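So the sequence lines, in the order shown, correspond to chains A and B. Its first residue numbered 3, the first sequence is counted upward by one per residue in the numbering used here. Its first residue numbered 1047, the second sequence is counted upward by one per residue in the numbering used here.
To be clear, the hints were calculated from the coordinates, so they are not data collected in a lab. Keep in mind that this is a model prediction, so the values were computed, not measured. The beta carbon of each residue, even a glycine, is placed where N, CA and C say it ideally should be. Mixed in with the good hints, there may be bad ones.
[Unchecked claim] Some, not all, of what chain A presents toward chain B, calculated at C-beta under 7 Å:
1. N32
2. L45
3. H47
4. R94
5. K101
6. F104
7. G105
8. T106
9. G107
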Amino acid sequence: SQQGEEDPQALSIQEGENATMNCSYKTSINNLQWYRQNSGRGLVHLILIRSNEREKHSGRLRVTLDTSKKSSSLLITASRAADTASYFCATREEGGFQKLVFGTGTRLLVSP
Amino acid sequence: NAGVTQTPKFQVLKTGQSMTLQCAQDMNHEYMSWYRQDPGMGLRLIHYSVGAGITDQGEVPNGYNVSRSTTEDFPLRLLSAAPSQTSVYFCASSSRGGYNEQFFGPGTRLTVL
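The whole structure should be built from the sequences, with the hints applied where relevant.
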């Protein structure tokens, strides 16, 4: 399996704090994507970073990518209770069908 | 647009029974995929399709069949259900190209007794 690993598995913070979660992967990639899953629901796309990019921002989200270390991080600034969810990274390999390979996820709990 | 729809939402089967999980999308996406999600294991790809009439195996295809007769529909068939297939199943679609996001359905929670 080429599944990535995410760290930490679970994270508990207070509203207003920043949340950082990390993703490591194994192969050369075309891009890396982050998804959010609210409890019992389908996944929702958050942000995509291409292999030739090092950092990307979208609202309160900041994603970094280090292809030399095969790792990425997702930073959520000024967290809100509504950010409580599981977060997954997914990598798209170079070439072929370019299917997504998902990590195991980080469960984020933001307390009011 | 309804996006990606899945039916049923919940299903309980007995070992050995067969059934079909339905998936449909109304976004004219070429790519469709089926994943299963088990606790602590993230999502694993079962089967995928790059267009009508074209399907291929993913990471965990054993015990499942798919077909893609139209762009819109991508059913997943369990041939002879086993307790190991107890899981939450997600269907996803995306347009052609490696930089496009996947859109997920709400999932089907399947229990095999």
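Quick rundown of the hints versus the structure:
1. Checking N32(A) against chain B: minimum C-beta separation of about 5 Å stays under 7 Å; hint holds.
2. Because the closest C-beta pair between L45(A) and chain B is about 5 Å apart, less than 7 Å, the hint holds.
3. A least Cβ separation of about 4 Å between H47(A) and chain B falls short of the 7 Å threshold, and the interface hint therefore holds.
4. Residue-level restraint check for R94(A) holds (minimum Cβ-Cβ distance to chain B is 5 Å; threshold 7 Å).
5. Annotation: interface hint on K101(A) holds; nearest CB of chain B at approximately 6 Å, less than 7 Å.
6. Annotation: F104(A) was flagged as interfacial toward chain B, and the flag holds, the nearest CB pair being 4 Å apart, inside 7 Å.
7. With a least beta-carbon distance of about 6 Å to chain B, the hint placing G105(A) at the interface is held under the 7 Å criterion.
8. For T106(A), the suggested interface contact is upheld, since its CB lies about 4 Å from the closest CB of chain B, less than 7 Å.
9. Below 7 Å, beta-carbon pairs count as interface contacts, and G107(A) has one with chain B at about 6 Å; its hint therefore holds.
Hint violations for this structure: none, all hints satisfied.
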